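Colleague: Residue numbers (UniProt numbering), protein chains in the order written: chain V, 1 to 418; chain C, 1 to 418.
In short, the hints are calculated from the structure, not lab data. Watch out, some of these pointers could steer you wrong.
Pairs involving identical chains hold if they fit within one copy or between any two copies, as the list cannot separate such chains.
[Stated by the list, open to error] List time: in silico EDC-like cross-link candidates among lysine to aspartate or glutamate, alpha-carbon distance up to 16 Å:
{"#": "1", "residue 1": "Lys127", "residue 2": "Asp318"}
{"#": "2", "residue 1": "Lys324", "residue 2": "Asp339"}
{"#": "3", "residue 1": "Lys334", "residue 2": "Glu306"}
{"#": "4", "residue 1": "Lys324", "residue 2": "Asp398"}
{"#": "5", "residue 1": "Lys256", "residue 2": "Glu412"}
{"#": "6", "residue 1": "Lys32", "residue 2": "Asp318"}
{"#": "7", "residue 1": "Lys260", "residue 2": "Asp398"}
{"#": "8", "residue 1": "Lys32", "residue 2": "Glu306"}
{"#": "9", "residue 1": "Lys330", "residue 2": "Asp23"}
{"#": "10", "residue 1": "Lys118", "residue 2": "Glu412"}
{"#": "11", "residue 1": "Lys324", "residue 2": "Glu238"}
{"#": "12", "residue 1": "Lys324", "residue 2": "Glu399"}
{"#": "13", "residue 1": "Lys32", "residue 2": "Asp339"}
{"#": "14", "residue 1": "Lys334", "residue 2": "Glu31"}
{"#": "15", "residue 1": "Lys260", "residue 2": "Glu328"}
{"#": "16", "residue 1": "Lys127", "residue 2": "Glu399"}
{"#": "17", "residue 1": "Lys127", "residue 2": "Asp320"}
{"#": "18", "residue 1": "Lys127", "residue 2": "Glu27"}
{"#": "19", "residue 1": "Lys118", "residue 2": "Asp10"}
{"#": "20", "residue 1": "Lys334", "residue 2": "Glu399"}
Please read these numbers as outputs of a predicted model, since none were measured by experiment.
Number of protein chains: 2
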Amino acid sequence: MLSAIELARDLEAGRTTVDRIFDACAEAIAEKEGIIRAFTALDLDAARLAAAEGRGPLAGLPFAVKDNIDTADLPTAYGSPIYAGHRPAADAAIVAQAKRLGAGIVGKTVTTEFAFFKPGPTRNPVKPSHTPGGSSSGSAAGIAAGFFALAIGTQTGGSVVRPAAFCGIAGFKPSYGILPPVGLKIFSWSLDTLGVFGKGVADAAFGAAALSGRDWRVDRQMPAAPHFALVRTHLWHEASGEMRVALENTARLAEKAGAKVSEVTLPAVFSDAFAAHQVIQDFEAALALGHEFDRRVAELSPILRETLAAGRAIEAADYDAARKTAAEAKLALKDLFQDFDAILTPSAPGTAPEGLGSTGSSIFNRVWTLMGVPAVNVPGVISAQGMPLGIQVVGARDEDHKALMAAKWLEEAIAKAD
Amino acid sequence: MLSAIELARDLEAGRTTVDRIFDACAEAIAEKEGIIRAFTALDLDAARLAAAEGRGPLAGLPFAVKDNIDTADLPTAYGSPIYAGHRPAADAAIVAQAKRLGAGIVGKTVTTEFAFFKPGPTRNPVKPSHTPGGSSSGSAAGIAAGFFALAIGTQTGGSVVRPAAFCGIAGFKPSYGILPPVGLKIFSWSLDTLGVFGKGVADAAFGAAALSGRDWRVDRQMPAAPHFALVRTHLWHEASGEMRVALENTARLAEKAGAKVSEVTLPAVFSDAFAAHQVIQDFEAALALGHEFDRRVAELSPILRETLAAGRAIEAADYDAARKTAAEAKLALKDLFQDFDAILTPSAPGTAPEGLGSTGSSIFNRVWTLMGVPAVNVPGVISAQGMPLGIQVVGARDEDHKALMAAKWLEEAIAKAD
């Protein structure tokens with residue numbers, strides 16, 4: 001894997017060159033892309049040139065873009081045959097920003113169909129018989145396979161945190177609305193949030209800091225031991241045995257390493273909010289993909305077709321009630337965060353499921369996306385079968401740096417405990 | 001002017017036909033479009049056909065779309081030479097929705113450059129030497145000229161309420177996030193809001209009710225006399241003498257007609273929020289139009305170029321502080337609305353300015369857009385020179401029907417007082 005932050009430091013110190021970095025990418029891609037299939041489009045030469053000419057905090061770095069995000073120089077198909085070969089008129093705002101910061105856009109990465117359920121062909125680099133997770137499948141798998149140093153994806157349910165968990169890398173979904181959602185193929189405008197993938201928490205934070213213009217880096221000071229809330233959620237019974245053990249062990253090792261850990265049971269409004277997430281997502285998706293549903297329905301997958309039909313049947317009053325529930329849960333969460341720094345909770349029900357028929361479940365992510373709060377997958381815990389078990393650190397809204405610091409602290413505590 | 005609600009009733013009762021409606025549009029366009037120049041694209045034949053085949057609450061109605069909103073069947077240039085002849089791959093969500101509801105999309109209407117400052121060629125039907133307002137210039141002017149019965153636009157500062165005020169029609173900007181912002185050319189993702197134009201308040205409410213799937217119609221029951229808060233704002237000195245008199249007279253006639261009117265002075269956080277609006281707008285615009293600024297800068301107007309450069313110079317910390325100010329003002333406004341039903345305030349500093357060099361000022365609209373609250377231009381007050389003076393009715397967030405009812409009540413009170 002390529003660490004963005006180490007590459008940036010090595011470039012600055014003259015210990016490496018853009019050509020050597022891109023040679024390493026080319027080698028990894030030549031070796032593994034035939035199996036992994038992370039890309040929908042690839043232009044290493046253009047990326048190498050742009051990265052070499054780049055001036056800015058991401059100069060010289062290979063960077064990949066999920067294919068539900070518009071690029072003017074690379075085809076953008078949104079994971080749907082409807083848009084095969086589509087070339088948007090403009091770069092999405094986040095892509096223009098990455099270019100301006102000096103990154104070289106290596107290619108577009110596989111998304112599920114419109115970033116919803118139907119998987120693409122991507123395999124998990126840890127174990128290719130398993131899903132890499134989704135919907136940002138190619139961005140997460142490509143980081144894990146060493147194809148690029150940074151990648152962006154989007155999260156509507158759990159599409160950043162879950163694939164990061166399954167691939168054993170860091171994934172960071174910032175607070176809603178900070179990274180510009182302009183030029184995404186919107187699925188749900190109240191939920192869709194851009195996120196950043198990197199090898200470790202410091203790498204994802206480094207990329208997100210540059211892209212957001214915020215002071216979000218976590219590699220310049222040693223994070224203090226945080227006060228964690230251990231949150232099992234009302235879906236604890238849906239977590240696998242090894243995930244339950246992993247989270248409890250992580251809480252214990254955090255305590256040993258000096259953190260305070262309090263068990264917190266979320267108030268009932270959060271299980272209501274969990275249900276509200278689906279109402280909001282489906283209602284908005286039916287509107288957002290109205291054109292495709294009305295004019296290209298035969299080219300949609302059955303699962304998407306059913307979801308859009310169900311979304312169209314939701315009454316506006318039920319959608320409005322769901323938005324109200326979400327607003328109440330947000331207030332309750334703000335209050336809860338008075339007492340601790342970050343939440344410790346699973347990133348997914350367990351390790352990456354076998355097979356490519358599903359990208360796994362987002363049940364442990366949805367409510368945090370709805371709350372608009374920062375969420376980080378912390379890598380490092382490995383199952384007995386050698387598969388990553390993702391630990392999720394969730395912060396208070398607009399306290400992204402604090403969340404990242406807590407995640408970085410935990411990542412180090414996990415690494416030291418090994 | 002064509003009243004959407006009267007046309008819908010007449011169609012239902014068999015008192016008119018789709019052909020007769022579209023003949024009237026064709027006649028008005030043939031007579032006046034040479035002067036008014038509301039359209040960037042026009043396809044009356046396709047619209048007539050679609051409207052005749054339409055099934056739904058907007059069936060048979062001629063409907064126009066501001067040209068910063070994507071249409072798959074009509075060119076979409078966003079008011080910029082960069083996108084001359086551009087044909088989006090999909091209809092915006094709101095366009096797909098309008099078609100599904102039976103409307104016939106007559107054409108695209110003139111927007112200022114990317115819905116910002118630089119005016120298009122549109123003239124005010126009330127007095128063609130004057131601006132129709134902006135940025136939704138063509139949508140407002142086309143309603144006033146009788147070219148179509150309903151139109152949509154967008155508001156980032158005052159781009160729905162102000163042109164409606166200048167053209168003497170109704171303009172309704174619903175609560176933020178209710179109408180789907182998917183397929184708009186985003187200028188500021190925290191502010192951009194779709195709005196609806198019609199001849200009178202009941203027409204705009206009828207269109208918005210259909211498009212939103214909400215029970216927002218105001219023509220089925222007599223609205224009760226509301227409790228208005230008369231809000232002069234800290235910008236009162238910027239209102240023209242005739243606007244000040246108009247607002248005060250309107251408050252008095254509302255009282256005479258049975259409304260309660262209380263003078264309310266907004267807390268200081270609202271003048272801070274007024275300043276925050278520009279910080280948020282410019283910071284986000286610089287990101288949203290990053291592609292155009294980096295790659296097509298020579299094709300941007302000088303004013304937009306300067307604004308984007310200034311936006312790029314805003315520190316993220318100042319943007320975050322502005323968002324915080326906005327959040328505080330929202331809470332304060334929610335509290336204020338405990339005491340009354342709707343705010344009565346100017347829609348614009350005065351009547352439409354002479355000339356086409358500027359579309360006028362949005363200073364009386366910006367803070368309400370930032371608050372995400374519903375805002376309605378109520379037509380009916382006319383200056384000594386025969387120009388419309390818009391009265392703005394502002395409601396509480398997500399209380400759109402209440403705002404529309406208050407606006408409808410006021411519109412009738414003004415009409416009766418004449």
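Colleague: All hints, please: hold or fail.
Modeller: How the hints compare with the structure:
1. Lys127 to Asp318: neither (42 Å within a copy, 45 Å between copies)
2. Lys324 to Asp339: neither (24 Å within a copy, 21 Å between copies)
3. Lys334 to Glu306: neither (35 Å within a copy, 38 Å between copies)
4. Lys324 to Asp398: For Lys324 and Asp398, only the inter-copy Cα distance (10 Å) is at most 16 Å; the intra-copy one is 20 Å.
5. Lys256 to Glu412: Result: close within a single copy only, 13 Å intra versus 72 Å inter.
6. Lys32 to Asp318: This pair counts as neither: shortest intra-copy Cα distance 47 Å, inter-copy 45 Å.
7. Lys260 to Asp398: Result: close neither inside a copy nor across copies, 22 Å intra and 41 Å inter.
8. Lys32 to Glu306: neither (35 Å within a copy, 47 Å between copies)
9. Lys330 to Asp23: Result: close neither inside a copy nor across copies, 46 Å intra and 52 Å inter.
10. Lys118 to Glu412: neither (35 Å within a copy, 53 Å between copies)
11. Lys324 to Glu238: Classified as neither; 27 Å inside a copy, 37 Å across copies.
12. Lys324 to Glu399: between (23 Å within a copy, 12 Å between copies)
13. Lys32 to Asp339: neither (46 Å within a copy, 66 Å between copies)
14. Lys334 to Glu31: Intra 47 Å, inter 59 Å, cutoff 16 Å: neither.
15. Lys260 to Glu328: neither (28 Å within a copy, 32 Å between copies)
16. Lys127 to Glu399: Classified as neither; 35 Å inside a copy, 52 Å across copies.
17. Lys127 to Asp320: neither (43 Å within a copy, 42 Å between copies)
18. Lys127 to Glu27: Neither, since 20 Å and 69 Å both go past 16 Å.
19. Lys118 to Asp10: Classified as neither: same-chain Cα gap 40 Å, cross-chain 47 Å, threshold 16 Å.
20. Lys334 to Glu399: within (11 Å within a copy, 24 Å between copies)
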